[in-house]
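S.K.: The primary structure of each chain is shown beneath.
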Amino acid sequence: MTYLASAGKRPGRARHLLFAALPAAAVLTIAACTPAGTGGSSDSAEPSSSSSELAAGDEMGDTIKIGYIAPATGTLAGFTDGDPYMLSYVREQFADGITIDGVTYPVEIIDRDSASDAAKAGELAQELITDEQVDLLMATSTPETVNPVIAQCEANAVPCLTANAPWQAVIFGAGFGPDNPMKWTHHFFFGIEGFGDVDPLAWDQIDTNKKVGVLWPNDSDGGAFRDPDTGYTPYAEAAGYTIVDPGAYEDGTQDFTSIIQTFKDNDVEIIAGIPIPPDFVTFWTQAAQQGFHPKVATIGKALFFPTTVPSIPDDLGQGLAFATWWGPTFPYQSSFDDLTPQQWIDGFEASPEGEGLVWNQATPLNLSLFEVAKVGLEASGDPHDKAAVSASFDDINMMTLGGQIDFTSGPFPGIATIPTAMGQWQKDDAGEWEWVVVDAGDVPDLPVDRPLDILAWS
Amino acid sequence: MVVVNALVQGILLGGVFAMAALGLSIAFGILRVVNLAHGEIMTVGAYIAAIALSRFGVSVWVSLLVAVPLLGLAGYWVQRAMLQRALRIGELAPLLVTFGIAIIIPNVLIELFTTNKQAIPTGGLAVSSISLVEGVNVGVLPLITMAVAVALIAATQLYLSKTRNGRYMRAAADDWETLRLMGVDHRRVYALAMAMAFGIAALAGVFFGMRQGGVTPYDGQLAVLFAFEAVIIGGLGSLWGTLAGGIVLGVSQTLAGVVSPELPLLVGNLVFLAVLMFRPTGIVQSKVAV
Numbered sequence: 106m107t108y109l110a111s112a113g114k115r116p117g118r119a120r121h122l123l124f125a126a127l128p129a130a131a132v133l134t135i136a137a138c139t140p141a142g143t144g145g146s147s148d149s150a151e152p153s154s155s156s157s158e159l160a161a162g163d164e165m166g167d168t169i170k171i172g173y174i175a176p177a178t179g180t181l182a183g184f185t186d187g188d189p190y191m192l193s194y195v196r197e198q199f200a201d202g203i204t205i206d207g208v209t210y211p212v213e214i215i216d217r218d219s220a221s222d223a224a225k226a227g228e229l230a231q232e233l234i235t236d237e238q239v240d241l242l243m244a245t246s247t248p249e250t251v252n253p254v255i256a257q258c259e260a261n262a263v264p265c266l267t268a269n270a271p272w273q274a275v276i277f278g279a280g281f282g283p284d285n286p287m288k289w290t291h292h293f294f295f296g297i298e299g300f301g302d303v304d305p306l307a308w309d310q311i312d313t314n315k316k317v318g319v320l321w322p323n324d325s326d327g328g329a330f331r332d333p334d335t336g337y338t339p340y341a342e343a344a345g346y347t348i349v350d351p352g353a354y355e356d357g358t359q360d361f362t363s364i365i366q367t368f369k370d371n372d373v374e375i376i377a378g379i380p381i382p383p384d385f386v387t388f389w390t391q392a393a394q395q396g397f398h399p400k401v402a403t404i405g406k407a408l409f410f411p412t413t414v415p416s417i418p419d420d421l422g423q424g425l426a427f428a429t430w431w432g433p434t435f436p437y438q439s440s441f442d443d444l445t446p447q448q449w450i451d452g453f454e455a456s457p458e459g460e461g462l463v464w465n466q467a468t469p470l471n472l473s474l475f476e477v478a479k480v481g482l483e484a485s486g487d488p489h490d491k492a493a494v495s496a497s498f499d500d501i502n503m504m505t506l507g508g509q510i511d512f513t514s515g516p517f518p519g520i521a522t523i524p525t526a527m528g529q530w531q532k533d534d535a536g537e538w539e540w541v542v543v544d545a546g547d548v549p550d551l552p553v554d555r556p557l558d559i560l561a562w563s
Numbered sequence: 087m088v089v090v091n092a093l094v095q096g097i098l099l100g101g102v103f104a105m106a107a108l109g110l111s112i113a114f115g116i117l118r119v120v121n122l123a124h125g126e127i128m129t130v131g132a133y134i135a136a137i138a139l140s141r142f143g144v145s146v147w148v149s150l151l152v153a154v155p156l157l158g159l160a161g162y163w164v165q166r167a168m169l170q171r172a173l174r175i176g177e178l179a180p181l182l183v184t185f186g187i188a189i190i191i192p193n194v195l196i197e198l199f200t201t202n203k204q205a206i207p208t209g210g211l212a213v214s215s216i217s218l219v220e221g222v223n224v225g226v227l228p229l230i231t232m233a234v235a236v237a238l239i240a241a242t243q244l245y246l247s248k249t250r251n252g253r254y255m256r257a258a259a260d261d262w263e264t265l266r267l268m269g270v271d272h273r274r275v276y277a278l279a280m281a282m283a284f285g286i287a288a289l290a291g292v293f294f295g296m297r298q299g300g301v302t303p304y305d306g307q308l309a310v311l312f313a314f315e316a317v318i319i320g321g322l323g324s325l326w327g328t329l330a331g332g333i334v335l336g337v338s339q340t341l342a343g344v345v346s347p348e349l350p351l352l353v354g355n356l357v358f359l360a361v362l363m364f365r366p367t368g369i370v371q372s373k374v375a376v
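Order-wise, the sequence lines are chains A and B.
Throughout, the working numbering is defined as the position within the first sequence, counted from one, plus 105.
Throughout, the working numbering is defined as the position within the second sequence, counted from one, plus 86.
Derived by calculation from the structure, the hints in this document are not laboratory data.
Careful: at least some of the hints might be erroneous.
Stated by the list, open to error - Sample of chain B residues at the chain A side, in silico, Cβ under 8 Å:
| no. | residue |
| --- | --- |
| 1 | Thr-200 |
| 2 | Gly-209 |
| 3 | Tyr-304 |
| 4 | Gln-339 |
Everything numeric in this text was worked out from a predicted model, so none of it was measured.
Here a beta-carbon is modelled for each residue, glycine too, at the ideal position from N, C-alpha and C.
One chain only, chain B, in its complex shape (with noise of 0.2 Å):
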């Protein structure tokens, strides 16, 4: 019965993992951009949350209708005026800009917001849980992040399947230089996908933080971090790869967490090592994008 509840704490683990890694690898799948700054862009996420919530009184799933599409609209521009900019210089740039970012977010938030953490309440529901059977316990917030996470990737498949933006996304990310030939500003399209991962890396942090109770301005370190090794798990730049990678890395920490309290994120950092080593297309087959 120990197995079985770390196997099924594992798989809603898992979630968060997914959620955190799928705009990361819309933004790598897509634009081939490696966003060091995924995990900054959570924080400030999880932050618009609590600061609507703690000066306006806003709810957490309220202050998602602001988060989201401001992050999103950051998203935009940060393509279309540092990065697309950067692409002219060098493969490498876009790259050494996200790291800029990465390290200007937390310093940025310090300034304005100090290093208190900020508290994002949920009330009962961070706490309260459903028992399935004797010994395991279901929380009902890290239930709600697992289903959220499933309809974000399956909406953004949908979108990429069967919208007009969506194949030029996937035109682009295949060959741009012929999607330019046939009339679509390909800078518009990057634009919109990086819209989209920095939207939904807002969606995530905020799940992050209410897991945690709130957000410190370095949360994104440790985030960005789970977020690239489950992408890399399940396969870059594939969709359900990264809710794949996420439950794999999810349910061997908590598993090594029953063989032995050191072993939790010791054993992930090993699965994806052998991973990277044996299988470095990930685990699922990518169908969208690369």
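Bound conformation, chain A alone (with noise of 0.2 Å):
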């Protein structure tokens, strides 16, 4: 994300110079009905913490603090747009403090808005354990916003929980290794294995040469996808299919000819990659332009966007199928009141939060950091005790909204993988763009919708 995280920073003083130039009675307005994004954080504590009411009689032990860094604006936003219907839910469950051994503890959640910067990610780390002393903290949603904060945690020996970001890129982008693991850091998600494994099964419900023409960026995700040991080529080569990598192309490339052109002189019917939402619909636009026609294509990360399809020209979205992780008919459930993903999306899309927002993928894992930070605290004894909460996220092998979170079985200590599955969109009768299940992939019990339809251009 070559140009995203260098105009990421421009957000950060965007927040300042709105400020300053706005008089204070607009800032407060401004404030107080943040639609999108933005709701509930802020940089001073006051508006953004909450701490639960004790029930009397109990025992009374000090509040828990939990910190949680997210990039609520800048050019990451769209991560976490379902943040503030989620965290107003958190804040919910959390009213009555946490019970650990007879002693109920009040329950404070400091969210923090890192504007799509990884420098502030980092920033707003230091400032969450040093000043506020929080007995554990979160991040969740790339790499730029995950690895800074990990790294102050691994530093001040402060437990920390992530999420939402390839864990190659929180392994191998952060130093780790199997010779220097992470102490006090737990992360999960799926990484290049949850495409190269998934991938595969779509391309093989068609018909094809088996000659695969990938889109991987000049960014670090692009890097790590075309590492020849560690990245995608090896799943493709264990599956029968040819990679043929036209190279390294920069995000924000205005046009593909040359590209498009080597796919056609390598007679390439299958597309696969993750570029970044404007560089796939430039790319896909000009395949159609100029006559190159693939029978399937499976995209990461652009086709994350609920809103990329539906923008690419002529309805040529139809078709694109994806790595998925979470939809409404995956069987999962919160150990929050036994939520299931329906039942989640059907919550927010009636909340004044959810209004004029489509859900996204994003938001179910964000909710599992606090359901696996409940169990995790629950079970350490001692919640201010920064050791043995660590240690006792060893042990978690739960159920979440977001999917089973399973530390005691991951390719790294303190990882967690969760599986993915192959969705394609299409339209419906309605006219309304949507995405069903085409392969179960890795995640068991889930219904197929229906098989892959091949790509069809006009």
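Both chains are given apart, each in its own frame, so use the hints to dock them into the complex.
M.R.: Here it is as structure tokens:
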């Protein structure tokens, strides 16, 4: 995300300048009615923290402070637009505190906005650790947010819980490895295997010449996919497919003519990759213009955002497939109130915070962070004993709204992976875009709606 | 044939760059204001088109009739109420004001419309193409974009050279104090020029949006980079220079792409740097304004 990352510096200043430029009354109005992304998060602690009240008669412990850092504004805000609803739901769940061995502890959740800026995420982590003295720090959405927070937690010996970033980018990207494991951090998400295991299952459903053209940009994700040993190629080759890699184009490329030419010259019939949304739309539009018509396309990242596909001209998004980790039919259940994915989506869409928004797959995992946090804190015996809290996460193997989180059998200490399935976009009878499950992939007991459709080029 | 194709696609890509650069060129050539918010003004133009379509069912082309005058009006008052005042503080102050605007706009757009992409559908237009010869397909939308860019530059050129207001603008660029002595309110002339710059930016933004199928709050940041490069390559303040600059930038990107997909943006930036070092006045000699 080369250009996104550099661009992400501006919103940090943005808020300050915006605030400085407006009269105080207007600032208050804006802070009070933030519909998307910024709700509840602000630079001062008061409006964003909520202490729980205690029932009389309990033995009372000191308040447990949980820090939560997410990109609520800026270029990554699409990951967190469901967070205002999620946080108000979580605060309700923690309203009566947590009872551990007969002692009830009030819980304070302190949420902070990284403004999609890696440097700011690190500063916030430091502030939460030293000034607020949090007992547990959490971070979510992309390595740009998660890695700097993990670095602070590891340096200051504070328990850390993170999600929504490919685990390879967290482990290798932050300099951890088999010889240097994370000591204080637990992270859950899928990695390259989530694409590499599942994409071929979609390709197998269509008769092709097994040549896969890939769009791996010159950013951290693209580099991880291109790695010949730990990347994507071994998965494709194991399934009998050949990779055609035109090279590492820059994010923000305006013309894909030469890449399309390379695909044509190599008779590519399958497209896979992890382009950023605008690049994929440019590529796909130009492919149509220049008469390049692959049979299957499995695209990560760009199709994660629910508004990308409807914006592709001339309904060319019809039939695009992607590795997915969460949807209304996934057989998951929250440890809060036994909520199912469909119930969660219904609740979100009916809430004032969800107005005008489309549910996305990131929010449920953000809720899972709090579910895991609660169980981990309860199991620790003493929530203010940092070593005990961190150690208690090692034994967690639980069902959450975002899926089964299992730290006992991950690929690395402190890593839990979640399974993926294959979804395909289609327009329903009412003309609304939706995606359906076309292969259950690694997700156990996931109902498959229909087989994969071949891409129809008119 | 691969090279010919890249050349053709590059020239057409230049059309969209030139259109984005034109408003920037006017703002600099006449007002000497480097408008850092240019990309964000484009974004707002595209948002107006997207909202007109999704809320009121107005087609993109009709929405231009709203977006262009609306932002023109905005440009007029931004110049009169903010930039002209800022100029009293110092020469750099207007630059900082536009920087502030550039930061405020995406954040306001997020508050109003979320970060979700707002679609600007054009039906089959964006993907339809004409086959020139075997292996060279020309997209219809890029072709229209190019035609509109050329027409726009020609019209602006004519306006500046033939009309009374156009002459005032050129005069204001050269020597506003003398213009004022002649009884013309230079502030009004400046504001009109900024209105033009904003209106053209809105138009360019809509075409950028159509190209990408829609618009998100931060799209302006990349657009303004290409616009700046096209202006510098073509020559600051030169109108036809923006077209030349856009085409040079477009062609250098697509030709570099033939060599290797890593190169387009890098080579585009290198060409920009080379022009800045070896021919800082740009490749086209300025005939207007400067």
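S.K.: State for each hint whether it applies.
M.R.: Each hint, compared with the structure:
{"no.": "1", "hint": "Thr-200", "in the structure": "holds (4 Å)"}
{"no.": "2", "hint": "Gly-209", "in the structure": "holds (6 Å)"}
{"no.": "3", "hint": "Tyr-304", "in the structure": "holds (5 Å)"}
{"no.": "4", "hint": "Gln-339", "in the structure": "holds (6 Å)"}
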